[in-house]
Amino acid sequence: MAVKMYSGKEIEVNDEGYFLEPDKWSGEIATEIATEIGIVLTEEHIKVIDFLRNDFKSKGSLPTMRRIKKVGGIQTKDLYRLFPEGPLKKACKIAGLAKPASCI
Amino acid sequence: MSEDKIKKISIVCSKGSLEGIYPALIMANGARMEGIEASLFFTFFGMDAITKKKMHKIKVATVGNPAMGIPTIIGAIPGMSAMATKMMSKQMDELDIPPIPEFIEMIHDAGGKVFACKASVDMFKLKKEDFCDEVDDILTVGQFYELSAGAQIIFT
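For the record, the sequence lines run as chains A and B.
The numbers in our numbering rise by one with no breaks, and the one at position 85 of the first sequence is 86.
The numbers in our numbering rise by one with no breaks, and the one at position 154 of the second sequence is 184.
Please note: incorrect hints may appear among the correct ones.
Stated by the list, open to error - Listed below are several chain A residues computed to face chain B (Cβ distance under 8 Å; list not exhaustive):
1. T32
2. E33
3. T36
4. F52
5. R54
6. R68
7. K78
8. I105
It is worth saying that the hints were derived from the structure and are not from the lab.
Just so you know, even glycine gets a beta-carbon here, dropped at the ideal spot from N, CA and C.
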């Protein structure tokens with residue numbers, strides 16, 4: 002466990018930088034995390050992040066890649082284009098959510 | 031992360047049963063999700079997973095499969111394999127594991143490469159048109175090794 006500073010706030014994260022306190026997340030923070038991992042956020046990225054956060058809020062678990070496509074309407078190809086080399090992990094990190102633990 | 035991080039894998043799928051195909055697909059998809067380059071090479075009956083006429087009809091082996099826990103003679107009753115497949119598919123769907131054709135599409139969309147083995151294609155007298163659209167090419171073993179340079183090769 003570690004504490005990181007994002008937009009002037011102290012936030013608890015795990016060793017890999019995933020949020021332990023999703024409620025402290027904000028759009029500003031998302032931009033900061035994205036910059037850290039080399040992603041410039043666009044409308045398309047934000048659509049994915051919003052889906053992840055909303056789905057997590059209503060279901061209590063992180064969606065799979067399949068669910069992002071089926072329920073979120075975001076194509077797998079686009080996910081890999083937006084978040085190259087580890088789409089679900091990167092998107093979850095930017096969204097201030099836990100590290101995905103599913104194999105799918 | 032250590033320098034020994036896996037960067038590239040090639041998976042050979044040689045079996046045509048449900049339980050023979052899924053591990054290969056799950057490993058290939060999982061690799062792509064971690065940013066690992068992935069190629070799938072289907073050979074022998076494994077090619078059923080990418081053959082248009084067969085990919086929707088893949089079944090669990092209920093005979094010669096001691097782990098199923100049902101006697102071979104029961105497993106041989108017509109409909110047993112279909113029933114076991116239905117049950118397993120339902121469970122997998124609940125876990126968001128896609129059916130085989132959708133899974134192949136997903137892996138391909140994720141940038142995974144899909145190949146058929148030339149020797150098996152010739153043996154089963156198949157053509158490129160017999161395969162689903164996601165199949166990138168039909169390769170000889172030599173070509174497969176060539177494109178697997180620097181990769182870990184996994185045989186299933």
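Closest C-beta approach of F52 (chain A) to chain B relative to 8 Å, hint status
Hint on F52 (chain A): violated, closest Cβ of chain B at ~15 Å, above 8 Å.
Any CB of chain B closer than 8 Å to the CB of R68 (chain A)?
6 Å, holds
Can you verify the interface hint for K78 (chain A): is its Cβ closer than 8 Å to any Cβ in chain B?
5 Å, holds
Holds or violated: is there a CB of chain B closer than 8 Å to the CB of T36 (chain A)?
This hint is violated: T36 (chain A) lies away from chain B, its Cβ roughly 19 Å from the closest one there, beyond 8 Å.
Hint check: 8 Å Cβ-Cβ cutoff, T32 (chain A) to chain B
Because about 22 Å separates T32 (chain A) from the closest Cβ in chain B, which is outside the 8 Å limit, the hint is violated.
Hey, does the R54 (chain A) contact hint survive, CB to chain B under 8 Å?
19 Å, violated
Evaluation of the interface hint that places E33 (chain A) against chain B, nearest CB under 8 Å:
Interface hint status for E33 (chain A): violated (22 Å vs cutoff 8 Å).
Does the interface hint hold: is I105 (chain A) within less than 8 Å of chain B, judged Cβ to Cβ?
Status holds, d = 5 Å.
When the structure is compared with the earlier hints, violations turn up for hints 1, 2, 3, 4, 5 and for no others.
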